[in-house]
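*Asks:* With the hints as constraints, model all of the structure from the sequences given.
Protein sequence lines, in the order shown, are assigned to chains A and B. Counting from 1, one number per residue, gives the positions in the first sequence under full-length UniProt numbering. Counting from 1, one number per residue, gives the positions in the second sequence under full-length UniProt numbering.
Mixed in with the good hints there might be a few duds.
Chain copies aren't distinguished; within one or between two, either way the pair holds.
Mimicking DMTMM-like on lysine to aspartate or glutamate, the simulated pairs with C-alpha atoms at most 25 Å apart in a straight line are [said to hold, decoys possible]:
no., residue 1, residue 2
1, K536, E12
2, K548, D10
3, K60, E88
4, K548, E420
5, K536, D47
6, K60, D543
7, K372, E287
8, K60, D519
9, K166, E420
Derived by calculation from the structure, the hints in this document are not laboratory data.
2 protein chains.
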Amino acid sequence: MAQVNPTVGDLEGNSRLVADYARRAAEAGAHLVVFPEMVITGYPVEDLALRNSFVSASVKATHDLAERLAAEGLGDLPVMVGFLNRREGLGARFGQPAGAPQNSTALLHNGRVQLTSAKYHLPNYGVFDEFRNFVQGDTLPVVRLHGVDIAFAICEDLWQEGGPVKAVREAQAGMLITLNGSPYERDKDNVRLELCQRRAREIGAAVGYVNMSGAEDELIFEGDSLIVDADGELVARAPQFEDALLITDLRLPEAVQVSPPAAPVDGIRIVRHTISSRPVAPYEPVEPVLTPRPDPTDDIGEVYHALVTGLRDYVTKNGFTSTMVALSGGIDSALTATIATDAVGPENVHCVLLPSKYSSEHSVADAEELVKRQGVHGRTIPIEPIVEAFSGAITLDGLAAENLQARVRGTTVMALSNQEGHLVLATGNKSELATGYSTLYGDSVGGYAPIKDCWKTVVWDLARWRNAEAERRGEVPPIPEHSITKAPSAELRPGQFDTDSLPDYRLLDSLLDAYIGTDKGYLELTIAGFDPELVKRVIRLVDGAEYKRRQYPPGPKISSRNLSRDRRVPITNRWTP
Amino acid sequence: MAQVNPTVGDLEGNSRLVADYARRAAEAGAHLVVFPEMVITGYPVEDLALRNSFVSASVKATHDLAERLAAEGLGDLPVMVGFLNRREGLGARFGQPAGAPQNSTALLHNGRVQLTSAKYHLPNYGVFDEFRNFVQGDTLPVVRLHGVDIAFAICEDLWQEGGPVKAVREAQAGMLITLNGSPYERDKDNVRLELCQRRAREIGAAVGYVNMSGAEDELIFEGDSLIVDADGELVARAPQFEDALLITDLRLPEAVQVSPPAAPVDGIRIVRHTISSRPVAPYEPVEPVLTPRPDPTDDIGEVYHALVTGLRDYVTKNGFTSTMVALSGGIDSALTATIATDAVGPENVHCVLLPSKYSSEHSVADAEELVKRQGVHGRTIPIEPIVEAFSGAITLDGLAAENLQARVRGTTVMALSNQEGHLVLATGNKSELATGYSTLYGDSVGGYAPIKDCWKTVVWDLARWRNAEAERRGEVPPIPEHSITKAPSAELRPGQFDTDSLPDYRLLDSLLDAYIGTDKGYLELTIAGFDPELVKRVIRLVDGAEYKRRQYPPGPKISSRNLSRDRRVPITNRWTP
Chain A
1 MAQVNPTVGD LEGNSRLVAD YARRAAEAGA HLVVFPEMVI TGYPVEDLAL
51 RNSFVSASVK ATHDLAERLA AEGLGDLPVM VGFLNRREGL GARFGQPAGA
101 PQNSTALLHN GRVQLTSAKY HLPNYGVFDE FRNFVQGDTL PVVRLHGVDI
151 AFAICEDLWQ EGGPVKAVRE AQAGMLITLN GSPYERDKDN VRLELCQRRA
201 REIGAAVGYV NMSGAEDELI FEGDSLIVDA DGELVARAPQ FEDALLITDL
251 RLPEAVQVSP PAAPVDGIRI VRHTISSRPV APYEPVEPVL TPRPDPTDDI
301 GEVYHALVTG LRDYVTKNGF TSTMVALSGG IDSALTATIA TDAVGPENVH
351 CVLLPSKYSS EHSVADAEEL VKRQGVHGRT IPIEPIVEAF SGAITLDGLA
401 AENLQARVRG TTVMALSNQE GHLVLATGNK SELATGYSTL YGDSVGGYAP
451 IKDCWKTVVW DLARWRNAEA ERRGEVPPIP EHSITKAPSA ELRPGQFDTD
501 SLPDYRLLDS LLDAYIGTDK GYLELTIAGF DPELVKRVIR LVDGAEYKRR
551 QYPPGPKISS RNLSRDRRVP ITNRWTP
Chain B
1 MAQVNPTVGD LEGNSRLVAD YARRAAEAGA HLVVFPEMVI TGYPVEDLAL
51 RNSFVSASVK ATHDLAERLA AEGLGDLPVM VGFLNRREGL GARFGQPAGA
101 PQNSTALLHN GRVQLTSAKY HLPNYGVFDE FRNFVQGDTL PVVRLHGVDI
151 AFAICEDLWQ EGGPVKAVRE AQAGMLITLN GSPYERDKDN VRLELCQRRA
201 REIGAAVGYV NMSGAEDELI FEGDSLIVDA DGELVARAPQ FEDALLITDL
251 RLPEAVQVSP PAAPVDGIRI VRHTISSRPV APYEPVEPVL TPRPDPTDDI
301 GEVYHALVTG LRDYVTKNGF TSTMVALSGG IDSALTATIA TDAVGPENVH
351 CVLLPSKYSS EHSVADAEEL VKRQGVHGRT IPIEPIVEAF SGAITLDGLA
401 AENLQARVRG TTVMALSNQE GHLVLATGNK SELATGYSTL YGDSVGGYAP
451 IKDCWKTVVW DLARWRNAEA ERRGEVPPIP EHSITKAPSA ELRPGQFDTD
501 SLPDYRLLDS LLDAYIGTDK GYLELTIAGF DPELVKRVIR LVDGAEYKRR
551 QYPPGPKISS RNLSRDRRVP ITNRWTP
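*Replies:* Quick look at the structure:
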């Protein structure tokens with residue numbers, strides 16, 4: 001199982017990645033190598049699926065790859081990949097995506113695409129829009145390899161009852177392997193393993209789960225590829241958030257002769273393909289890899305690794321090498337810089353301190369201390385002369401004067417980014433995004449927002465975790481303790497604290513999580529014990545901040561509702577529950 | 001037919017709107033009044049449909065409205081509305097939107113909801129995501145009113161063969177009325193009329209088409225409600241882009257006794273409801289309203305009206321009364337200000353001239369001339385002192401120095417907007433958005449972008465049309481001629497012209513339209529005669545500008561591909577065709 005990290009649209013690079021891992025698998029003596037969902041195109045492709053020239057390019061790249069593998073002496077090794085295909089022979093019709101694209105598998109062997117099959121269950125919720133982009137499949141491929149029958153399916157097909165899973169049982173395959181592009185979510189925990197175990201017992205066959213690693217736009221793929229035997233026992237497991245080639249020897253039952261079912265099972269036709277019927281000669285199996293899972297109570301550590309993965313891939317896949325962060329001395333920018341340091345190295349993190357006349361001494365000191373501890377680039381640019389130049393041209397007070405300072409900072413980091421080529425990171429957290437507690441074109445500028453899906457309370461947890469982790473490793477904690485412990489303040493006017501405009505973050509985050517995370521309405525929230533006036537106020541803040549949220553840079557998704565795509569309502573919406 | 005303009009989420013306001021028009025219809029002696037699709041909730045509701053409390057609120061508002069109509073003495077008048085309903089009794093299952101919401105009709109009569117029925121054909125392309133948000137219906141309501149059978153369906157159900165349309169023929173109804181929220185598109189022309197005519201002949205019955213007016217977020221609803229008789233002859237037609245109550249008397253055939261079909265027709269069950277079987281006594285019919293369509297060759301005038309409608313409703317539905325535009329003296333900002341003046345009145349348009357040291361004298365003069373001609377508010381704020389303050393703090397050259405000027409302007413108008421409460425309008429056109437020829441957080445700031453779906457060549461056409469229209473009316477042309485005729489320049493460095501970085505706009509727009517409008521790839525574009533090097537360059541520009549486009553403010557959609565939602569690809573995408 002090749003747990004790899006393709007890039008959307010980089011057909012040449014992704015094909016090279018497959019060829020490299022196929023060679024490594026062949027060298028290790030593998031009889032079969034399986035790659036993740038849509039590895040040839042990268043995943044998710046979104047509306048690129050509707051572009052005819054893109055589908056053609058994917059089909060061509062897949063055929064070319066089959067030839068290339070053979071030309072490189074790898075034609076004997078069956079290679080199963082995911083790619084973007086089209087359903088031929090379908091006329092245009094209502095409800096069918098233009099060009100009939102399909103999320104497919106392809107078996108590459110002996111220099112040819114031997115077999116293709118498309119995903120049957122198309123997810124259409126949360127970040128997924130697969131009904132919009134794909135035509136569903138209707139086959140289950142079963143490949144006889146060395147006298148063993150192996151069935152293949154794609155991602156959601158394993159999660160749903162019926163369809164391919166039912167057809168696997170009917171086909172009496174000895175193993176089911178699924179190709180996945182399954183995004184990380186904080187509360188998923190061991191849910192993939194438990195699913196594979198349940199399915200293995202249901203179908204009486206081993207189950208292999210190949211997942212993608214890396215990140216693409218807002219999605220993080222956590223890897224964690226695994227194999228369970230027919231009893232549901234875990235046999236092999238790859239690490240999280242890393243590329244891996246998981247080499248495993250399995251003892252699988254000899255294929256039985258099954259009379260083909262008269263009709264499709266649950267809409268699924270079983271398609272058989274034989275590579276070889278002869279069992280392999282006995283040999284000494286390799287020791288299976290069983291990467292230990294981190295302590296399940298270390299949920300915050302897992303989130304931290306996910307955020308580092310998301311940032312690293314967004315920077316590199318967009319062709320940047322370095323990042324820029326405006327440091328305020330507060331916890332949000334401190335954590336953002338720390339994640340950047342862990343993702344791209346301190347030499348690629350450029351911090352800017354932009355003090356105003358309202359910045360406290362401790363803010364500057366805390367920011368400087370962070371620069372020193374992490375060894376990142378740091379410079380200080382007082383914004384007062386620029387703010388004064390604006391004040392000479394226009395008369396502002398109140399919120400407008402506060403926001404001006406944030407916008408002068410935004411303009412300054414964007415100018416430096418333009419001049420020097422760094423990707424600017426926005427430092428807003430999810431509590432701010434939810435309530436609109438940020439300045440449009442001010443602190444919200446940038447190309448990526450690493451902590452936008454983290455509640456403020458989670459930001460503190462992450463900072464404490466990272467410092468504790470450093471201590472465990474015998475290193476200096478990267479984040480100055482004072483940035484974690486002090487009361488949060490935007491410092492846009494004298495003596496300002498977040499709690500002047502927002503409730504305490506423990507209370508706020510629990511309310512926001514109930515409203516946004518579980519979509520409870522006013523009535524349910526008050527029944528749950530929240531103060532009715534506070535509920536009204538927070539709902540008004542959240543629903544009024546839709547425009548700001550849309551303008552915010554993308555960031556890594558770690559929850560099932562991340563305020564970007566998952567909860568989009570018209571800006572002109574006048575409803576509050 | 002009540003061609004009205006509801007607001008998404010404003011259940012109370014929308015209910016009041018229905019009650020007002022129902023009263024007017026009753027006073028005019030109507031036997032039936034029909035409202036547009038989802039009039040109770042507004043349309044489109046997007047992911048609000050997935051919120052249980054919102055669905056409940058819509059259902060309650062609809063029942064309350066039935067009671068209210070009766071309480072106000074309007075219980076006798078059958079009122080057909082569109083609303084958000086839920087399909088009861090469906091457990092959660094894969095592929096089904098959470099809570100089983102439905103895009104439904106409701107017949108309000110005698111103080112009760114007598115009948116509901118849901119949309120069958122759910123569009124899932126372009127701006128529509130209805131598979132994501134709704135469960136499809138399976139009934140066709142046929143209402144016997146004064147001895148005449150009238151069937152009802154929703155929007156897309158009229159456009160598609162089979163399903164409801166087929167069931168109408170089976171039911172032998174005397175008329176089919178559809179409730180619509182059908183967005184404006186530049187090339188739709190008379191396509192709605194032609195569709196109604198074709199369907200009328202197919203089903204052998206009159207067809208009524210009730211459309212929404214106004215705008216919601218990026219969509220504009222053009223009205224143009226109409227009725228054709230069973231021969232397909234146009235009987236009545238409401239105006240475009242305006243609210244209207246279209247009162248029409250029709251001679252309809254007496255209902256025939258049809259034995260109910262044994263099985264559903266095309267998945268559709270016919271549901272009959274009788275209000276009254278007795279024909280009305282003969283009376284003198286009113287003269288039907290037949291609003292003349294504007295000259296079909298005056299396509300540009302229609303676009304102009306659509307843009308004015310879009311801007312007006314976005315401003316008012318978001319709770320603003322006034323707008324702010326940064327005037328450069330160029331054509332884009334001149335047209336934007338003119339549309340704003342027509343939409344919200346010159347007293348609500350605040351123009352800011354922000355000259356830099358590179359601004360030419362004619363730019364300032366042209367901008368001042370526009371302020372004078374239109375009677376809008378105008379003020380001049382030279383940005384040089386602010387740019388110098390930045391230059392004192394950071395060293396910039398080249399593109400970074402150019403972008404700084406745009407960002408100083410952006411910060412200035414946002415500060416004034418914050419201080420004074422105007423909605424800032426971004427002035428970018430579609431050619432700029434497509435190629436990324438704009439500054440993130442500079443000229444792209446604002447809450448709405450009125451010409452973002454207009455190619456530069458269309459911007460010129462619109463400006464010329466508006467000036468000619470003024471002359472036709474004997475008024476002063478609002479746009480200074482020189483703003484239309486001069487060579488376009490961003491004036492961010494001495495002697496800069498758009499043609500330094502971009503090809504001539506006639507050529508550029510035709511290439512962009514072929515690439516974006518029809519999704520042709522490199523090969524097809526070169527075969528179509530475009531220079532291969534230019535194609536490569538423009539494709540690189542377009543695909544590289546995805547991030548800027550996502551950060552751009554929303555704007556009115558006038559084409560089938562408006563660069564906002566219709567063509568979304570991952571930012572990390574590395575593919576160019």
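*Asks:* Between K60 and E88, at a C-alpha cutoff of 25 Å, which is it: within one copy, between copies, both, or neither?
*Replies:* Classified as within; 15 Å inside a copy, 47 Å across copies.
*Asks:* Evaluate K548 and D10 at a C-alpha cut-off of 25 Å and name the case that applies: within, between, both or neither.
*Replies:* The answer is between: 21 Å across copies meets 25 Å, while 32 Å in one copy does not.
*Asks:* Can you tell me if K166 and E420 fall within 25 Å by alpha carbon in one copy, between copies, both or neither?
*Replies:* Neither. Shortest intra-copy (56 Å) and inter-copy (64 Å) distances fail the 25 Å Cα cut-off.
*Asks:* With identical chains treated as interchangeable, where does the CA-CA distance between K60 and D519 reach 25 Å or less: within a copy, between copies, both, or neither?
*Replies:* between (44 Å within a copy, 19 Å between copies)
*Asks:* Regarding K536 and D47, is the shortest C-alpha distance of 25 Å or less found within a copy, between copies, in both, or in neither?
*Replies:* between (38 Å within a copy, 21 Å between copies)
*Asks:* Using 25 Å as the alpha carbon limit, work out where K536 and E12 are close: within a copy, between copies, both or neither.
*Replies:* between (53 Å within a copy, 18 Å between copies)
*Asks:* How would you classify K60 and D543 at a CA-CA limit of 25 Å: within, between, both, or neither?
*Replies:* Only across copies: K60 and D543 sit 21 Å apart there, 46 Å inside one copy, limit 25 Å.
*Asks:* Given identical chains, is K548 near E420, meaning Cα to Cα at most 25 Å, within a copy, between copies, both, or neither?
*Replies:* Answer is between; shortest inter-copy Cα gap is 19 Å, intra-copy 27 Å.
*Asks:* Is it within, between, both or neither when you check K372 against E287 at 25 Å Cα-Cα?
*Replies:* For K372 and E287, neither the intra-copy (45 Å) nor the inter-copy (84 Å) Cα distance is at most 25 Å.
Going through the hint list in order, the structure does not satisfy hints 7 and 9.
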